[in-house]
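Please build the complex by placing chain B on the supplied structure of chain A, with the hints as guidance.
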Amino acid sequence: MVYLDHASSVPVDPRVLAFAGRYLKEEYGNPSSLYALGLSAKQAVEEARVGVAALVHAETPSTIVFTGSATESNNLAIRGTALRNRKKGKGILVSVIEHVSVLNPAKDLQKQGFDLGFVPVDHYGVVDLGFLEEHLTPGTTIVSVNYANDEIGTVEPVREAAAIVHEKGAFLHVNATAAGGRIPIDVQKDGIDLLTLSGNDLGGPRGAAALYIRPGVKVQTVIPGGGQEKGLRSGTENVFAVAGMGEAARIAALEMEGEMAREKAIRDSLIEEVLTIEDSYLTGHPDFRLPNHASFRFSRIEGESILLNLDTFFGIQVATGSACTSRTLEPSHVLLAIGLAHEEAHGSVVMSLGRSNAMDDVPLVRRAMKETVTRLRSISPL
Amino acid sequence: MMEVWDMEDRPQIGYSKKVMDHFMNPRNVGDIENADGIGTVGNPVCGDLMQVSIRVENDIITDIKFKTFGCGSAIATASMVTEMAKGKNIEEALKITRQDVADELEGLPPVKMHCSNLAADALHEAIKDYRAKKEGRKEAIEEPAR
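Chain order of the listed sequences is A and B.
The first sequence begins at -7 in the working numbering and counts up one residue at a time.
The second sequence begins at 3 in the working numbering and counts up one residue at a time.
One thing to keep in mind: the hints can contain errors.
Heads up, simulated DSS-like pairs for lysine-lysine below, C-alpha to C-alpha not over 30 Å straight-line [said to hold, decoys possible]:
no.: 1; chain 1: A; residue 1: K362; chain 2: B; residue 2: K19
no.: 2; chain 1: A; residue 1: K160; chain 2: A; residue 2: K222
no.: 3; chain 1: A; residue 1: K17; chain 2: A; residue 2: K222
no.: 4; chain 1: A; residue 1: K362; chain 2: B; residue 2: K20
no.: 5; chain 1: A; residue 1: K362; chain 2: A; residue 2: K256
no.: 6; chain 1: B; residue 1: K20; chain 2: B; residue 2: K88
Don't read these hints as lab results, they were simulated from the structure.
One chain only, chain B, in its complex shape:
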């Protein structure tokens, strides 16, 4: 008997509906004035540059914005990651992986997986930047006392 070709084996053709939705109507585009943390990853030479800015209150990401130079999936993954991270505690946000971003977008073509990598990295870099700034502020406050 002929085996039925499993859906899982079929190559994905083009972008998922969710990717197209985030490309057409990207969420949280822009910058945050005096952001608590900014993460920039990628390089225009490689064709992808992502910037994620966060506002953090009591370790909760209360606002998040992105800007992207790149292809459709680079824009969609950055948009998706901002939606996933908004309202999360920074510890939880740090746990968002590239696979989580791709899954939430109902999959990405294999050649585009590095886009979701960049989006997760940009978020993580923004959180690191927030932590470094916080440490810096603490030191700055403590310094005059020494």
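Isolated chain A, as found in the complex:
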């Protein structure tokens, strides 16, 4: 088996599981309880906060709010900031290639009377900074641009975007679900006001994510309740997943540089081999892209059948932005935003690497891709 879909799910690092497993069994206390069992759970959450804060060079651990998923972090960032700052204005700007967990809360706010604008991208998926500058108004409170896109791998000019956004007095939210633990992030140098990180993408268990909130940025909760996480995210902490995320962040900070150099070498070889297939194209930026990410499109065939063929005949797992795998039967909005025609977007394949991949995988993937494309094209009338 060659698993190439780490953008969808990452296997939990065994070291993380060994570290965090105790918070399911022996150390099962509620962090809000005042006896020793509760305090040790509280301690685990606070240590995780230190680990996550250090990974992104946050000012203090207290800037980190733990949530249950990257989707929840994005909702807190967009809704929480727009609602809290609505006296200043009702302007929201998001890039067109944002994840649906950014787009949908923003569209929801639009229905409630907020002014939502979309920042376009070029053919590589790089946000149009000129457009951003022109469309920021004194009433804009929150702008959202992903650090790197999970479908096309393109890394955004976040630092430049932050300078523009701050010039106009707005806040910048950056979804770093795909980028976290894969490229160095420094929220202070980058000028990021709010940053989403996913625990699973770092190699932690699902069920924990974080939102970094720069000191001074005003955000209101979207989940009121018992007041955990400084009142910003009520609900008993998922100590196991949070502790796991903290440990995964610590490991990422130590090992990212070496591991990403290793994965990038495999990825570069993969791109070179796959592009020898007739009528195949790289999607996203050739240089400014995540080191573990390769994405393609193939003319005259459809992505779901490519995915199925690779899994069934070769034991290779990939993702696609084809309509046939989406709930809406619409092709990926990211692929349409970079200017692909619908029929081109249907033939997309995304490969995202992780620790389990090795250079030895490349010849198998090369052969599998060639045979898959040849077979499906022999069935295609196009």
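Below, chain B without anything else, positioned relative to chain A:
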């Protein structure tokens, strides 16, 4: 007493074995040279394009081939419909519905039902094309006599 969850209520997860079989080993792939009827339905923009070609002798479909651009179930349903129609009288073949195709494949995920629709439509279009051509030939033969 707890009610046992009825199998019928369980959501189907993924494709049936039969769909996978037709996807992995599609029957009757290709074109027919000088086909008696060709039906093309769908649109690459929507992600599905199906083409069914038929050879008809004495109103019996003696040969049938398909080509599909589309997902796994689009390929499987087209393959299935060719297998169902082969050897049938064109009147019987016209009665094959999308539900028949889906049933023969032991079910399709709800979101994929339009694939079986396309497969049945492509077959029906091929038969219509055959009939139109036949009419056209008849007219063409009759015309010089007028």
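Structure-based check of each hint:
Distance hint between K362(A) and K19(B) is fulfilled; the C-alpha atoms sit about 25 Å from each other, no more than 30 Å. Our distance criterion of 30 Å between C-alpha atoms is met by K160(A) and K222(A), whose separation comes to about 29 Å. For the proposed pair K17(A) and K222(A), the alpha carbon gap of about 26 Å is at most 30 Å, so the pair holds. Simply put, K362(A) and K20(B) have alpha-carbon atoms about 26 Å apart, close enough for the 30 Å limit, and the pair holds.
With a CA separation close to 22 Å, the supplied pair K362(A) and K256(A) stays within the 30 Å bound. Restraint check: the Cα-Cα separation between K20(B) and K88(B) comes to about 18 Å, which is no more than 30 Å; the hinted pair holds.
Going through the hint list in order, the structure satisfies each hint without exception.
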